[in-house]
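Student: Now for the letters of each chain:
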Amino acid sequence: MTSKTDVHVRPAGEGICIIEVRGEITAASDKPLMEAYTQAATPGTRAVMIDFRDLEYMNSGGIGLLVTLLVRANRQKQRLFAFGLNEHYRQIFELTRLDEAIAIYPDEQTAVTAAR
Amino acid sequence: MDEQKKTDEAYWAKPVARLDPKDPDASNVRGRRLNAAAGGFGWLYQKTFRVRLTGAAVTPREVIATWKERFGDFWAKGRKMFLPAGGIAPGEIGIISDRATMPIAPAVQTGVLVIYADDESFSFMSPEGHPFAGPLTFSAFADADGTTVVQVQEFTRASDPLYELMMHAPFVGDRMQNEIWRSTLRNLAAHFGVDAQVEQAITVVDRRWQWRYARNIWQNAGIRSTLSAPVRWLRPRRRPAASASEQVAR
Numbered sequence: 001m002t003s004k005t006d007v008h009v010r011p012a013g014e015g016i017c018i019i020e021v022r023g024e025i026t027a028a029s030d031k032p033l034m035e036a037y038t039q040a041a042t043p044g045t046r047a048v049m050i051d052f053r054d055l056e057y058m059n060s061g062g063i064g065l066l067v068t069l070l071v072r073a074n075r076q077k078q079r080l081f082a083f084g085l086n087e088h089y090r091q092i093f094e095l096t097r098l099d100e101a102i103a104i105y106p107d108e109q110t111a112v113t114a115a116r
Numbered sequence: 001m002d003e004q005k006k007t008d009e010a011y012w013a014k015p016v017a018r019l020d021p022k023d024p025d026a027s028n029v030r031g032r033r034l035n036a037a038a039g040g041f042g043w044l045y046q047k048t049f050r051v052r053l054t055g056a057a058v059t060p061r062e063v064i065a066t067w068k069e070r071f072g073d074f075w076a077k078g079r080k081m082f083l084p085a086g087g088i089a090p091g092e093i094g095i096i097s098d099r100a101t102m103p104i105a106p107a108v109q110t111g112v113l114v115i116y117a118d119d120e121s122f123s124f125m126s127p128e129g130h131p132f133a134g135p136l137t138f139s140a141f142a143d144a145d146g147t148t149v150v151q152v153q154e155f156t157r158a159s160d161p162l163y164e165l166m167m168h169a170p171f172v173g174d175r176m177q178n179e180i181w182r183s184t185l186r187n188l189a190a191h192f193g194v195d196a197q198v199e200q201a202i203t204v205v206d207r208r209w210q211w212r213y214a215r216n217i218w219q220n221a222g223i224r225s226t227l228s229a230p231v232r233w234l235r236p237r238r239r240p241a242a243s244a245s246e247q248v249a250r
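Taken in order, these protein sequences are the chains called A and B. At position 54 of the first sequence the residue is numbered 54 (our numbering), and the sequence of numbers has no breaks. At position 56 of the second sequence the residue is numbered 56 (our numbering), and the sequence of numbers has no breaks.
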């Protein structure tokens, strides 16, 4: 399965890293997303944030990947945050109760402030 | 002309605070919230069951269309799912009657919500009280050589300590949740003329018991079904379905 997921990792302050996601998150996004998380979640990282502003498509396989990321974060005692979800994707997080496990913020600034 | 952007909006159910099925025999589903894996008690498993439909001239879309239409027909004998007129579509609630897991006990009445459905996959989430907490995804895709591959993927925990105990019990645990999908995939493959071997990958992702969710046992569908069985037996019987996936008349 080919992936139409584009990811980019960047720092956002001490111990905080952001994974920007563009395009799709489906089961085929496993490799780029997991590699991005490995890059972001170094031993000094205490918070990983996923930027969903440019997310265009997500199916239930994509939700499964986010749950996998959540498990990895919990294991490494890192917190997972999300920002930039539009109303549709915020509803999906609510439907799947992911919003109870991943802290959701409207934008990067509020997310980073909360993580400090 | 710009290519029309793919959108997933039509494939997802809307958020629901508590389930409200139309089926009158749904006391273990009505008023319940969906239960994510994070809200379960037992070990967290990531499971994939897969068959290759080698030699079958069937596309992933055709497989999923058939599976949606006849979901209950491919289940193990003793398990039934009653769906409303919409069938397996986003937002629909399927009511489950399971007599297969514990044949000597009354049928366990529970259900699932279809949280996602498109042409090549569909996903369920279960309500509080169901044996397992977490999403279940059924999908089909074409492998590199063009063979259609069908799979069931779970990311689940047992909901409460009793279900967790059963999961670790010899014979019962494997039948409860692993054999159900192995037999389903074998039955589905046989429908398309393939005598398939099921590949499985089961990983324990988290071996911790989440004791704060031990209280989930209050909603255990197995216990509640057993306690309410005498009442159900005394009620006038509904006309039995001709097949397990027959839509319930409204």
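These aren't lab readings, by the way, just hints derived from the structure by calculation. There's no promise every hint is true.
What the hints assert, rightly or not - Below, simulated DSS-like cross-link-like pairs (lysine-lysine); rule was C-alpha separation at most 27 Å, straight line:
id	chain 1	residue 1	chain 2	residue 2
1	A	K31	B	K6
2	A	K31	A	K4
3	B	K77	B	K47
4	B	K22	B	K68
5	B	K6	B	K77
6	A	K31	A	K77
7	B	K22	A	K77
8	A	K4	B	K6
9	A	K4	B	K77
10	B	K22	A	K4
11	B	K14	B	K77
12	B	K68	B	K14
13	B	K68	B	K47
14	A	K31	B	K22
Claimed, not checked - Example chain A residues on the side facing chain B (calculated, C-beta under 8 Å, incomplete):
id	residue
15	Q109
16	T110
17	A114
As the list claims (entries may be wrong) - If you want the footprint, here are the derived chain A segments under chain B, 3+ residues with CB under 8 Å:
id	stretch
18	29–42
19	62–70
20	92–101
Positions of the beta carbon are idealized from the N, C-alpha and C atoms, including for glycine.
Student: All hints, please: hold or fail.
Tutor: These are the hints, each one checked on the structure:
Pair hint K31 (chain A) plus K6 (chain B) holds up; C-alpha atoms about 22 Å apart against a cutoff of 27 Å. Between K31 (chain A) and K4 (chain A) the CA atoms are separated by roughly 11 Å; this keeps the pair inside 27 Å, and the hint holds. The hinted pair formed by K77 (chain B) and K47 (chain B) meets the criterion: a straight-line CA distance of about 22 Å does not exceed 27 Å. Taking the CA atoms of K22 (chain B) and K68 (chain B), the gap is about 20 Å. The hint holds against a cut of 27 Å.
This hinted pair does not check out: K6 (chain B) and K77 (chain B) have alpha carbons roughly 39 Å apart, beyond 27 Å. Between K31 (chain A) and K77 (chain A) the CA atoms are separated by roughly 22 Å; this keeps the pair inside 27 Å, and the hint holds. Between K22 (chain B) and K77 (chain A) the CA atoms are separated by roughly 43 Å; this puts the pair beyond 27 Å, and the hint is violated. Of the supplied pair hints, the one linking K4 (chain A) and K6 (chain B) holds, its CA atoms being roughly 12 Å apart against a limit of 27 Å.
Among the hinted pairs, K4 (chain A) with K77 (chain B) is inconsistent with the structure: their alpha-carbon atoms are about 40 Å apart, more than 27 Å. At most 27 Å may separate the alpha-carbon atoms for a hinted pair to count; K22 (chain B) and K4 (chain A) exceed this at roughly 39 Å. Our distance criterion of 27 Å between C-alpha atoms is broken by K14 (chain B) and K77 (chain B), whose separation comes to about 32 Å. Note on K68 (chain B) and K14 (chain B): the hinted pairing holds, with a Cα-Cα distance of about 20 Å set against a maximum of 27 Å.
Between the alpha carbons of K68 (chain B) and K47 (chain B) the distance comes to roughly 21 Å, so the proposed pair stays at or under 27 Å and holds. The hinted pair formed by K31 (chain A) and K22 (chain B) fails the criterion: a straight-line CA distance of about 41 Å is larger than 27 Å. Using the Cβ-Cβ criterion of 8 Å, the hint placing Q109 (chain A) at the interface with chain B is not satisfied: the shortest such distance is roughly 26 Å. The criterion of a C-beta within 8 Å of any C-beta in chain B is not met by T110 (chain A), whose closest approach is roughly 22 Å, and the hint is violated.
Evaluation of the A114 (chain A) hint against chain B yields a violated restraint, the C-beta minimum of about 20 Å exceeding 8 Å. Coverage of the stretch 29–42 of chain A by chain B is violated in this model, with 0 residues showing a Cβ closer than 8 Å to a Cβ of that chain against a need of three. Coverage of the stretch 62–70 of chain A by chain B holds. Counting CB-CB distances below 8 Å, 5 residues qualify, and the rule asks for three or more. Only residues whose beta carbon comes within less than 8 Å of a beta carbon in chain B count, and the stretch 92–101 of chain A has 8; three or more means the coverage holds.
Hint compliance for this structure: hints 5, 7, 9, 10, 11, 14, 15, 16, 17, 18 are not met, and every other hint is.
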